[in-house]
Amino acid sequence: MEHNTQKAEEKYMPPGMYGYAITDNSGSIIEKNGTVSNSLDQYAAYFNQLGDLLGDSLGFNGYEEMILLGKSRHALCMEIDELHYAAIYKTKADHLEISQFIREKGEENDVLA
Amino acid sequence: MSLRSHFQPTLDLPGVMGTFCLSTDGKLIDNFLPSPYTDAVFKDLGARCTTLLNAVDMSYTKTNEYLIRFEEHCLYLHKDENCIIGVLCSGNPILAGLRISINLFLRTAKEVILAAPVKELEAADAPTAVATEVVETHSAIEDNDEIVAPVKRKEPEPTETEAPKRKGFFGLGKKKDKKTKPSNDIWG
Chain B
1301 MEHNTQKAEE KYMPPGMYGY AITDNSGSII EKNGTVSNSL DQYAAYFNQL GDLLGDSLGF
1361 NGYEEMILLG KSRHALCMEI DELHYAAIYK TKADHLEISQ FIREKGEEND VLA
Chain C
203 MSLRSHFQPT LDLPGVMGTF CLSTDGKLID NFLPSPYTDA VFKDLGARCT TLLNAVDMSY
263 TKTNEYLIRF EEHCLYLHKD ENCIIGVLCS GNPILAGLRI SINLFLRTAK EVILAAPVKE
323 LEAADAPTAV ATEVVETHSA IEDNDEIVAP VKRKEPEPTE TEAPKRKGFF GLGKKKDKKT
383 KPSNDIWG
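If you read the protein sequences in the order shown, they are chains B and C. Just so we're aligned: the first sequence equals residues 1301 to 1413 in the working numbering. Just so we're aligned: the second sequence equals residues 203 to 390 in the working numbering.
Keep in mind the hints are simulated off the structure, nothing from the lab. Ideal Cβ positions, reconstructed from N, Cα and C, are used throughout, including at glycine. A hint or two may mislead.
Chain C stretches covered by chain B per the calculated footprint, using a threshold of three residues with CB under 8 Å from any CB of chain B [what the hints assert, rightly or not]: (1) 208-218; (2) 223-230.
Calculated lysine-lysine pairs in the DSS-like style (CA-CA distance at most 25 Å, straight line) [said to hold, decoys possible]: (3) B:K1405 x B:K1392; (4) C:K264 x B:K1332; (5) C:K321 x B:K1371; (6) B:K1371 x B:K1332; (7) C:K229 x C:K321; (8) B:K1371 x B:K1392; (9) B:K1371 x C:K264; (10) C:K264 x B:K1392; (11) B:K1332 x B:K1390; (12) C:K312 x B:K1390; (13) B:K1390 x B:K1371.
Okay, the calculated bits of chain B under chain C, using three or more residues with CB under 8 Å as the criterion [said to hold, decoys possible]: (14) 1337-1346; (15) 1357-1364; (16) 1369-1383.
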């Protein structure tokens, strides 16, 4: 009897990225790849909401992203079309590349929807 | 040396529009943002800043620096043990330069921040006034229309539940009670 020991293939991630997660407004995970701490993916929607409120106080409409700047790694929270994206990456990774990758994910999900 | 002069190197950085300094509980210490951002803005902004910082600290991990990007602007927040510094930038700021200048600021201006008084914002703001007006008009309507507050009527106390009447088989008798002996008990 053969056992299926193959692991699920990891999807492409830009260099320096530890992982990302996509959640809906309630915090339920839609897609997850690599390593993202549970608390970040659960609270990404909340963080995005707070970021949006901060922009509202300053008179800015288009909230784009929030980066939590840590010593060894950064966390990125982004909202695209009512989906919330959370990513963790090394501080030395190219932020623009990470951000662009998440945006492309957002476009993919928009097309699929 | 004033707080403004301590902030000057940061304000001189390219893309920096202004800075502000909040106490750890979100109250305004000083505001060097462009003139449209009056101190009144900080009633909301201060509370929202502290909510965000506390939320991240409690639910994710302790984080001292944040960069929040909007369409054309971004807000850099730096939390220290004595204060919260905010830097409003247009476009993409040079983050490395921003971090250095804020770190230097925190090192040199520590005593000035501790000595600076917290600005008391006016208690009666427009949103609160509107809210009270709404309540007042609502009560006035109630007075005019003589709306009586709903009084809870005392419902009759529940009596013993009456069993549905049964006429029995062909309507000749009642349902047999198990405890009482049937009348036609031939065994006496």
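Ascending list of hint numbers which this structure does not respect: 1, 2, 5, 12
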